[in-house]
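A.B. asks: Take a look at the letters that make up each chain.
Protein chains: 2
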Amino acid sequence: MREAYIVGAGQSAYGAFPNESYRSLFATAYEEAMDSAGGVDPEDVDEAVIGSLGVGGRQLGLSGPAVTEHVGLHGVPSSRIENACAASGYAVRQAVQAVKSGMADVAIAGGYEVMTDMSGDVAKYWLGVSGETEWERLTGTTFSGVYAQMASAYLDAYDATPDHFSKVAVKNHANGAKNPKAHLGFECSLEDAQNAPVVADPLNLYHCCPTSDGAAAVIVASEDVASSCDDAVRVAGVGAASERVGLFQRESYTSIESTARAAESAYEMAGLGPDDVDFAEVHDCFAIAELLAYEDLGFCERGGAATLIDDGVTELDGDLPVNPSGGLKSKGHPIGATGAGQVVEAFKQLTGHADDRQVSGATVGLTHNVGGSGGAAVVHVLEGGVL
Amino acid sequence: MREAYIVGAGQSAYGAFPNESYRSLFATAYEEAMDSAGGVDPEDVDEAVIGSLGVGGRQLGLSGPAVTEHVGLHGVPSSRIENACAASGYAVRQAVQAVKSGMADVAIAGGYEVMTDMSGDVAKYWLGVSGETEWERLTGTTFSGVYAQMASAYLDAYDATPDHFSKVAVKNHANGAKNPKAHLGFECSLEDAQNAPVVADPLNLYHCCPTSDGAAAVIVASEDVASSCDDAVRVAGVGAASERVGLFQRESYTSIESTARAAESAYEMAGLGPDDVDFAEVHDCFAIAELLAYEDLGFCERGGAATLIDDGVTELDGDLPVNPSGGLKSKGHPIGATGAGQVVEAFKQLTGHADDRQVSGATVGLTHNVGGSGGAAVVHVLEGGVL
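Taken in order, these protein sequences are the chains called V and C.
The numbers in UniProt numbering rise by one with no breaks, and the one at position 86 of the first sequence is 86.
The numbers in UniProt numbering rise by one with no breaks, and the one at position 218 of the second sequence is 218.
If we strip away everything but chain V, and leave its shape as in the complex, we get (with noise of 0.2 angstroms):
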């Protein structure tokens, strides 16, 4: 099987730019990727494919070849992915499926979504979209409600409290208080995370993350043009997975087999395993998501996640620093955009470009995207400082 290897990356900042377009947030991402990829001009592309939900209609089809026109990709295979939150990990799987079959040399994968120009109901159609349609959306079950009855579920089984959601709200807006490009990019305090209103109990508004506006965009590889860039980091290992889209239909509450499955596949690809992760970008939508993300990727056993939150082992500084982006709570969540953003995240980490969240001696980063409540997810394992 072929290498692959991600060579640049780039992102917007995220946040509420409602007076961005799609494209000129692709734009922004896609500059800064190129920038970031001594080695590769635009005229190398072979492939582009672009993550998005397609929120607020702006150009329902054909929005992959309609970004990558606007950066003068007009020509290239550009084609849209949706998998709903896991729109843009699953885009980046696939350029790597791209590179690894010898029909493309050089692949962008990117996402995109534009969010904050509607009116709060609009947004909230938008979000409940990634829910189940007949019996989860159309009987009123919000998106937030969605992962309510999971945090529900996890609290009665084992030894956590509604502290445990506040400390990953804590943990990652201290980390996003480090990222320029972060939406929310401020530190709260664990009062402050305790106390606010409530969203869907036992969520409040800091178990939730935003909903935000902005693009990534990540270059893809194959080894001899990467051994030709100024930074390369090698696509270890790649899995995905699906699974029931509504909750109800589901065997566990507790846990999301598709994240399970999706790391499996990516760790044995990877001949590696949870031990040798140095860092991981988890998808963080509700903080309970972080919780289960923790013992779905095997970071701990079952039920173990509150005593690894409790411990600081996931903080920037602990042993497995997890989203030290700031995760979506805290950098925020324009759907199309996370899982390619996730991918800029550990391409920085892992070339030592982190700045003052640089985890320290990162040689193996994970990423972990989820689609809904976990319809989809795709998890990357990549490994730095082999070529």
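Take these hints with a grain of salt, some might be off.
Unchecked claim - Partial pick of chain C residues on the chain V-facing surface, computed with a CB cut under 10 angstroms:
{"#": "1", "residue": "GLY54"}
{"#": "2", "residue": "GLN59"}
{"#": "3", "residue": "LEU60"}
{"#": "4", "residue": "GLU69"}
{"#": "5", "residue": "LEU73"}
{"#": "6", "residue": "ILE81"}
{"#": "7", "residue": "ASN83"}
{"#": "8", "residue": "ARG93"}
{"#": "9", "residue": "GLN94"}
{"#": "10", "residue": "VAL96"}
{"#": "11", "residue": "ALA104"}
{"#": "12", "residue": "SER227"}
{"#": "13", "residue": "SER228"}
{"#": "14", "residue": "SER242"}
{"#": "15", "residue": "GLY375"}
Unchecked claim - Label pairs and their calculated CB-CB ranges:
{"#": "16", "chain 1": "C", "residue 1": "LEU138", "chain 2": "V", "residue 2": "GLY303", "range": "49 to 55 angstroms"}
{"#": "17", "chain 1": "V", "residue 1": "GLU31", "chain 2": "C", "residue 2": "GLY273", "range": "36 to 42 angstroms"}
{"#": "18", "chain 1": "C", "residue 1": "GLY352", "chain 2": "V", "residue 2": "THR363", "range": "54 to 60 angstroms"}
{"#": "19", "chain 1": "V", "residue 1": "TRP135", "chain 2": "C", "residue 2": "PRO42", "range": "49 to 55 angstroms"}
What the hints contain is simulated information worked out from the structure, not anything from laboratory work.
Where is the CB? At the ideal position from N, CA and C, for every residue including glycine.
Given chain V, work out where chain C should sit, using these hints.
C.D. replies: What follows is chain C alone, placed relative to chain V:
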């Protein structure tokens, strides 16, 4: 580069089935594909790629996993790809990349659309999303209007008349009348086609494809798997390209550059040329599109399409039959299903299962799927009798 083969293919009937769901239509196609693939079982499936424009807002997020879970494939990596009317042509290409990458031995590529359960105005809106948003759709240009501009330019540039559009309709209806899965499976006379009401001058009703419901699925497999299957068609060449989404931004109205580029790539990979093609399924969303395809695919020189149709070359018993299935015009055009459905027809032709519409001696087939007015195109060159 690993070889990839089509080892099974199926489709629902195309037509107006407002009481069917996107899930039930996909299940019909998937089951026929599986039944045709002696040697492959559901548990062998490593990957699923589902094309859909998402018409009608049923399950806008995660509809890939939503249809694959319905046929028992939960767990399998599953995603939705969108490239307007080329969605599932790109899904097939992505499945081919998955197999060639070595990350999958068996990949399902499918597509679906349910379009007839909406009022006429809503359906028109959804079709319009395949056009460019700001300067086409929002200024009132319908999708037939976009192709009418191409048709006018073609009539201006070359020695062709609207009768040539009508002859395309007559040919494709003659073929579709032999296809039990066709939406408009009846013959039409040249007079019928000439005297139909105008839709967008110079295009009349018989120069436009219908709005259809339907689904299609193909099974792509590695050589190892294919060698133990009943039938196998080699994916000899794959090509894809994008182009500026808005027609007004292009250099030519009488050629779809993305088709020409995609064909060039596919022929190059296959080591074959247009002279080697025994039949083709081309994207005749409007009759002018079939004539442009003849030229962009290299079946004749520029301006030569009218002569090709006049001489009967592309009829079922001609030297180069085009759209033996009936094409989008007669077989129908359920947007997300169309590209995969073309590969279904090519598989049947190349394995000798096309019954009354069998192209005799067919060894090399070409499929050609266009997104919008050419913002995306994808071409497959398929070879039977190899394994």
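A.B. asks: Range hint 36 to 42 angstroms: satisfied by the CB atoms of GLU31 (chain V) and GLY273 (chain C)?
C.D. replies: 39 angstroms, holds
A.B. asks: The hint says 54 to 60 angstroms between GLY352 (chain C) and THR363 (chain V); measuring C-beta to C-beta, is that right?
C.D. replies: 55 angstroms, holds
A.B. asks: Using Cβ atoms only, decide whether ILE81 (chain C) comes closer than 10 angstroms to chain V, and label the hint accordingly.
C.D. replies: 6 angstroms, holds
A.B. asks: Please check whether GLY54 (chain C) passes as an interface residue: C-beta within 10 angstroms of a C-beta belonging to chain V.
C.D. replies: Given a least distance of 7 angstroms, the restraint on GLY54 (chain C) holds.
A.B. asks: Against chain V, run the beta carbon of VAL96 (chain C) and see if the smallest gap drops under 10 angstroms.
C.D. replies: With Cβ-Cβ at 8 angstroms, under 10 angstroms, it holds.
A.B. asks: Against chain V, with CB atoms and a cut of 10 angstroms, does the hint on ASN83 (chain C) hold up?
C.D. replies: 5 angstroms, holds
A.B. asks: Can GLN94 (chain C) be said to touch chain V, with a Cβ gap under 10 angstroms?
C.D. replies: With a closest approach of 6 angstroms, the GLN94 (chain C) hint holds.
A.B. asks: Please verify that hint: LEU73 (chain C), Cβ, nearest Cβ of chain V, below 10 angstroms or not.
C.D. replies: 7 angstroms, holds
A.B. asks: Is the shortest C-beta separation between GLY375 (chain C) and chain V less than 10 angstroms?
C.D. replies: Cβ of GLY375 (chain C) sits 4 angstroms from chain V, so the hint holds.
A.B. asks: Quick one: are TRP135 (chain V) and PRO42 (chain C) within 49 to 55 angstroms, going by C-beta?
C.D. replies: 25 angstroms, violated
A.B. asks: Identify whether the interface hint at SER227 (chain C) stands, where standing means a beta carbon of chain V within less than 10 angstroms of its own.
C.D. replies: 20 angstroms, violated
A.B. asks: Quick check on the hint: ARG93 (chain C) CB to chain V CB, less than 10 angstroms?
C.D. replies: Status holds, d = 8 angstroms.
Against the hints set out earlier in the document, violations occur for numbers 12, 13 and 19.
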